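Could you build the full structure based on these sequences and the hints that come with them?
Sequences listed follow chains A and B, in order. Take 0 as the starting number for the first sequence in numbering that gives the first Met the number 0 and just add one per residue. Take 0 as the starting number for the second sequence in numbering that gives the first Met the number 0 and just add one per residue.
Calculated directly from the structure, the hints in this document are not laboratory data. Mixed in with the good hints, there may be bad ones.
[Said to hold, decoys possible] Per label pair, the in silico range of CB-to-CB distance:
{"#": "1", "chain 1": "A", "residue 1": "Pro114", "chain 2": "B", "residue 2": "Ala252", "range": "20 to 26 Å"}
{"#": "2", "chain 1": "B", "residue 1": "Arg264", "chain 2": "A", "residue 2": "Arg171", "range": "43 to 49 Å"}
{"#": "3", "chain 1": "B", "residue 1": "Trp14", "chain 2": "A", "residue 2": "Lys174", "range": "52 to 58 Å"}
{"#": "4", "chain 1": "B", "residue 1": "Pro261", "chain 2": "A", "residue 2": "Gln96", "range": "33 to 39 Å"}
{"#": "5", "chain 1": "B", "residue 1": "Trp133", "chain 2": "A", "residue 2": "Asp64", "range": "45 to 51 Å"}
{"#": "6", "chain 1": "A", "residue 1": "Ile9", "chain 2": "B", "residue 2": "Ala248", "range": "24 to 30 Å"}
[Claimed, not checked] From the derived model, a few chain A residues whose C-beta atoms are all more than 10 Å from chain B:
{"#": "7", "residue": "Ala23"}
{"#": "8", "residue": "Ala27"}
{"#": "9", "residue": "Thr93"}
{"#": "10", "residue": "Ala107"}
{"#": "11", "residue": "Val155"}
{"#": "12", "residue": "Leu170"}
{"#": "13", "residue": "Ala172"}
{"#": "14", "residue": "Ile182"}
{"#": "15", "residue": "Leu203"}
Just so you know, these numbers come straight off a predicted model, no measurement behind them. Using N, Cα and C, we set each Cβ at its ideal position, and we do this for glycine too.
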Amino acid sequence: MMMMMKKTSILDRLLLLATGILAAYQVAVGIEGLGTLAILCYTIAFGVLLIAGLLLIIFSLEILDNPLVVVVAAIIPLSLSLGLVVEYLPALGTVYQVFVTLGLLVIAVTRYVTPGTIATVVLAVVHGIAGLLIVGLPILLSLQGRAPAGFALVGVGGALIGLGGLLLAFLRAGKPMLSKETIYTILPGLLLLMTAAFVAGFALA
Amino acid sequence: MRAFQATHVKLRTYWVLTKPLQSGLLLTTGLAGFMSARCPVLNWQALLALTGSLFLAIGGSTVLNMVCDRDIDAKMKRTANRPLPLGRVEASNALLVGLALAWLGVGWAFALSPLYGTIVFAGLFFDVVVYTIWLKRRTPWSIVWGGISGGMPILAGRALGTGQIDWIGLSLALGVLLWIPTHIMTFNMRYYEDYRRAGIPTFPSAYGFQVTRVTIALSSLAAALAIAVAAIGIGMTWGYLRLLAVLSAGLLALAITSVVRPSERLNFGLFKYASVYMLSSMLLVVVEAI
Chain A
0 MMMMMKKTSI LDRLLLLATG ILAAYQVAVG IEGLGTLAIL CYTIAFGVLL IAGLLLIIFS
60 LEILDNPLVV VVAAIIPLSL SLGLVVEYLP ALGTVYQVFV TLGLLVIAVT RYVTPGTIAT
120 VVLAVVHGIA GLLIVGLPIL LSLQGRAPAG FALVGVGGAL IGLGGLLLAF LRAGKPMLSK
180 ETIYTILPGL LLLMTAAFVA GFALA
Chain B
0 MRAFQATHVK LRTYWVLTKP LQSGLLLTTG LAGFMSARCP VLNWQALLAL TGSLFLAIGG
60 STVLNMVCDR DIDAKMKRTA NRPLPLGRVE ASNALLVGLA LAWLGVGWAF ALSPLYGTIV
120 FAGLFFDVVV YTIWLKRRTP WSIVWGGISG GMPILAGRAL GTGQIDWIGL SLALGVLLWI
180 PTHIMTFNMR YYEDYRRAGI PTFPSAYGFQ VTRVTIALSS LAAALAIAVA AIGIGMTWGY
240 LRLLAVLSAG LLALAITSVV RPSERLNFGL FKYASVYMLS SMLLVVVEAI
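Below you can see the structure in the form of structure tokens.
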């Protein structure tokens, strides 16, 4: 049976545009006053998010079927988590920097050299660690009082990006949790909510 | 009522002749050039005069181009539905409208400042006479002159704001000039058959698709650098420079991917992204100034 592709609606485009604008705001204004490496990491994370939003508008959601998207999408959680580690766990900064660099390299290489189980496992491990840091670290710091309560919103954003990543990963693995149409319907809204949570969380930090 | 409807239809037809999206983008570059001067940008009289004079000059130039190109427009599928090839507007009427708009625009520009007026006139002259009438049907390198005329609005805006031609204005104009190949050549590839049928020499027809893609990538890189240099010269804050770098990285990534893994879809995506890039870069200059 031929699978019908969901068309990118006006609402989808508006949600993606809003995502791009929020990410642009974060790059230009939202990360001022941080350390150089943290700014670089957040610029990469929100910059990729901005470009992704624009490309999804231009090429439609079909672009998600491109294998390169997995590698590019991995840059967002990896650079965001590195920014958090550099800023809040500086003692682990160098070690985690090595992990992020190698992780991204291995994801890219396995995607093209040994696609299949190995590539999926590598992706799950690297993404998983980055995701846990983005969700856990801000919430933990907020609970400990080492950061304002609002900073926990970054963790909420992390949970949302994790949800989106899981939905897409299972879809690509051929074992979708929801239908492709449903995933592509909720994805623009999910991206906007995630970005809004990140921007609000950093603003309240 | 019928007379009102007829006037409305006629106005809409002439509006189409001014290519509102393309003219709007060029107008935005002119406004950005003016605001980059950090003059009192919220002076509504100056803004209105700049907007009005530039819009008239750009609109007039575009209408005149449409008149000159009506025979080749009729041969190309993409442009065959324009008002002139369809005969919805008489060429002589369009010529009069184009000349009137251009004359008003350039005249208003000279009244504002002789330097500003000279640059606006140069843009119009390069676009209509050098690019469209003289070179467009002779050589694919006509694009350089099209690019120079495209860079004139931002240079004119900057000159009106500062009262002189400075290196920042030239760098901004160079950025637009170098961006034009990305804008035009992606279109040349998408509508290759159209251009061939009309007998217009283009980069893809003269040098092949791959050379054109490499040219686009190099040109995009040079355009991003020129705009970045101008942005630093303007004194753009680090935050906005970061954003400009991100947008430039997107442009380069698409241009390079287009060389490595070319596809028709990617080519047209690059065309659209290039427009978004130019508009965003100009908006950054405007927002920064406000």
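### Query
Can you name, in rising order, the numbers of the hints this structure does not satisfy?
Result: hints 2, 7 and 8 break, sorted rising.
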